[in-house]
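As they're listed, the protein sequences go chains A and B.
Numbered per this note's numbering, the first sequence spans residues 1 to 263.
Numbered per this note's numbering, the second sequence spans residues 1001 to 1530.
Treat the hints with care, as some may be off.
Cut-off 25 Å, straight-line C-alpha distance, at most; resulting in silico cross-link-like pairs (DMTMM-like, lysine to aspartate or glutamate) [to be verified]:
| # | chain 1 | residue 1 | chain 2 | residue 2 |
| --- | --- | --- | --- | --- |
| 1 | B | 1120 | B | 1099 |
| 2 | B | 1415 | A | 101 |
| 3 | B | 1014 | A | 151 |
| 4 | A | 16 | B | 1411 |
Hint data in this document are derived by calculation from the structure and do not stem from the laboratory.
Treat the numbers as computed from the prediction; the structure is a model and nothing was measured.
Now for the letters of each chain:
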Amino acid sequence: MSTAILNAKGIHKAYKMGRGEVSVLRGASLRVEEGEFVVIMGSSGSGKSTLLHMLGALDKPDRGQVEFRGQSVFDQSKPIRNHYRNQDVGFVFQFYHLLPELNVLENIAIPRLVYHSFFGWRAAKRKSFAEAREMLERVGLAEREKHRPSELSGGEMQRVAIARALLNRPALLLADEPTGNLDAKIGTEVLAMLQEFNDAGQTIVMVTHDGCVAEKAHRTVRLTDGVIQADSGTRSGSKSKSGSEAGDHRRGDSGDKPKTEVV
Amino acid sequence: MYKWFLAWRYLHTKMIAFFGIASVMLCVAMVLVVLSVMGGFLDTVRNRSRGLHSEIVMNSHSMQGFPYYDEFSQYLAKKLPDVIRATTPVLSTYGLYRDPAYQQTGPTQVLGIQLDDYVKVNSFGDGLHYQKYFPGTTHLGPQQMPVAGMAMDHTLTLPPDLEEANMRWRKSETDQSLIDRFESAPFEITSPEFPVFAVKGERQFATRVGLPGYVGPERNGIIMGCDIINIRRPDGNFDRTIARGANIVLTLMPLGPTGNPTGEPAAKLHLRYADDSRTGIYDIDRMMVYVDFDLLQSVLGMDSRQLVDGNFTKPRANQLLIDLDDGVDMDVAKDQIALAWIDFQENEIPLDLDSSEQMSLYKVQVLTWEDMQRDFIQAVEKEKVLVTILFSLISLVAVVLVGCIFYMIVEKKTKDIGILKAVGASGRGIAGLFIAYAAAVGVFGSILGLAVGCAFVWNINDIQDWLAWLNPNLRVWSPDIYSFDKIPETVKQADAAWVGVIAIISSMIGSLIPAYAAAKVWPVKALRYE
Ligand SMILES: Nc1ncnc2c1ncn2[C@@H]1O[C@H](COP(=O)(O)OP(=O)(O)O)[C@@H](O)[C@H]1O
Ligand SMILES: [Mg+2]
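With the hints as extra help, turn the sequences into a complete structure.
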């Protein structure tokens, strides 16, 4: 079996709530092949964001592994993990998360600014901004490069966020309900854009709780009770079906339901 | 790179940065003002104490004094020619003064000095009042009362030698405002009788209608501490109520040849007020009077006297002031002189001294001016320690304040930290961002604070005048308490540099804790801040 681009195995995560603990993930596993567009579905509060954060190394699982091209992400040193966040994955948040003090172009260029040292930046500045501008054109906002995030609509901010996530040409794009805050029309546009990127070869893992959105994907998996339940219908063009296994059932805790709430 | 980029961006788009800058600015200004004023105060106190004596003082513990002071100073001149510049003996005793015109009596400490030599070993000469405006006219020898002559049109003229001395001062004086004040002060007749007191400039002379001149019998001069006979005005100048040359009577207790008070009737000296002295130390200026050394020596019975056995006693002095050459280390010289004093006693003094003389030699101590003024300086130094402690507290408050502000800034920026970490920023880089930001706030705050602090210190007396004009109770700096005319108003460059650097470092330390905290969290933790 060829190595998948991403392979998450038996992810556990529990949050402390007052005295008790709420276990959100209880051994979720997910395998993603190169070029796939995988959608993770699940009701609100089922732990989708939590899982996606682990995949992007934005948070640490209590137990379990995330392997990127066969290399465990959490066993690495901090600098390598930083490099992973910077170069290998791009993350799109539900709430955009742009830096309010920077204009659109600078926001897109931030991964480059972070990458380069003070002196390296001087050499890379021109090229970085040129590429940022190119990304901005691809998301259709070329006219807005000098605007502040506060001057943009939600859909525009999300496009900027996508441009930022893709600036360093990451192998993997992780998107957490990128359309969740947008109205249907704008959401469809953003989705279409993601699909375009995928058609160009971009691997995408997207989280949503909207069934319509999920239809665009090659493969949809469900997160319920803290595990990836089943591999649902696959569209043509999917490169692999072996993406997910049902959560490895162990321990007697499979009975209690994870706390779910409407977020 | 993003550190510098974002630090700069935060600095001019975030309102909170201005609060940070303002708080650093105020702390820096405050510390600089207090440091400059207190430092100026301490420096002045030290300088004034230093000008009181000479660098080295040989001091007898007893009012009886010690003999062979003259022989020893010749011995020193031969033995340590590269160390000693000048020496002069001083007598010290206590007495009562009486000002017959105002019928005022009070206690004094009396110093017997050889005026010409005394002004060479310390800064006594700088504080003499008439000596300043009429240079060369103050002496302690026999003198009459100078009287200004008044023409029928009330124009006032002083005796020719005083006028001539005054011209000498005017020619050498570089401060035109002093000359203007001298010219402009009103001429007043305070009594229709003769002689009336007249003011010329701020100086007082008796006046008679007719030609100027000298009146009265010749009497030895006395220099009075300025706070004994004058009234200090709130602006630090004095109202002189006694005319130059007026009578002062000094009553003293003679000591016999062995230093034992004789119990004879007290000696009364009729003297003329020749000048007043201002050392700038209030306790001295309200107690001390100065008369001629030889005169006091004979009145106190400390000159050479024939004993019943036909031998003569040696004249005695209470102190020998020793001025050192430039560049001579004071403490080294002190030890050299102390050794020389022992050598001198062993080799140069006859072996058959009587017991009282022997004793009096033992009681001599060789001291530096710092030793002499130890109590006074120690009081001031204690004050300095107190102020330093207060400062450290204030600085601590400043650091905590800056720390709080940075904590708030980092709190507000937690989401940004999450975003930056999500795109791969390292913890170190994030900490660096906030430290760079803090350093920038510190630099701007310090520069502004130093500017404000300097402006305040340089104009502190005007500010005080303005406050006093609003409400007299706000006059905090009273010249009669501090003996200074003005609040010190200079800023030392080194002080300013230190305060600035410490403020910048404090800002960075203040940001260190929140920056470190920010650096440690997982990105999601920061992002969940909604
Ligand atoms: N930092 C946290 N502390 C406590 N509980 C958390 C934390 N983050 C998430 N949760 C809880 O974990 C559950 C899953 O959250 P999330 O992954 O955001 O769900 P989803 O994205 O599927 O809506 C929710 O019940 C949420 O309240
Ligand atoms: Mg979510």
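How the hints compare with the structure:
For the suggested pair residue 1120 (chain B) and residue 1099 (chain B), the alpha carbons sit about 30 Å apart, so the restraint of at most 25 Å is broken. Restraint check for residue 1415 (chain B) and residue 101 (chain A): satisfied, since their Cα atoms lie roughly 12 Å apart, inside the 25 Å limit. For the hint pairing residue 1014 (chain B) with residue 151 (chain A), the CA-to-CA distance comes to about 17 Å; that is within 25 Å, so the pair holds. Restraint check for residue 16 (chain A) and residue 1411 (chain B): satisfied, since their Cα atoms lie roughly 22 Å apart, inside the 25 Å limit.
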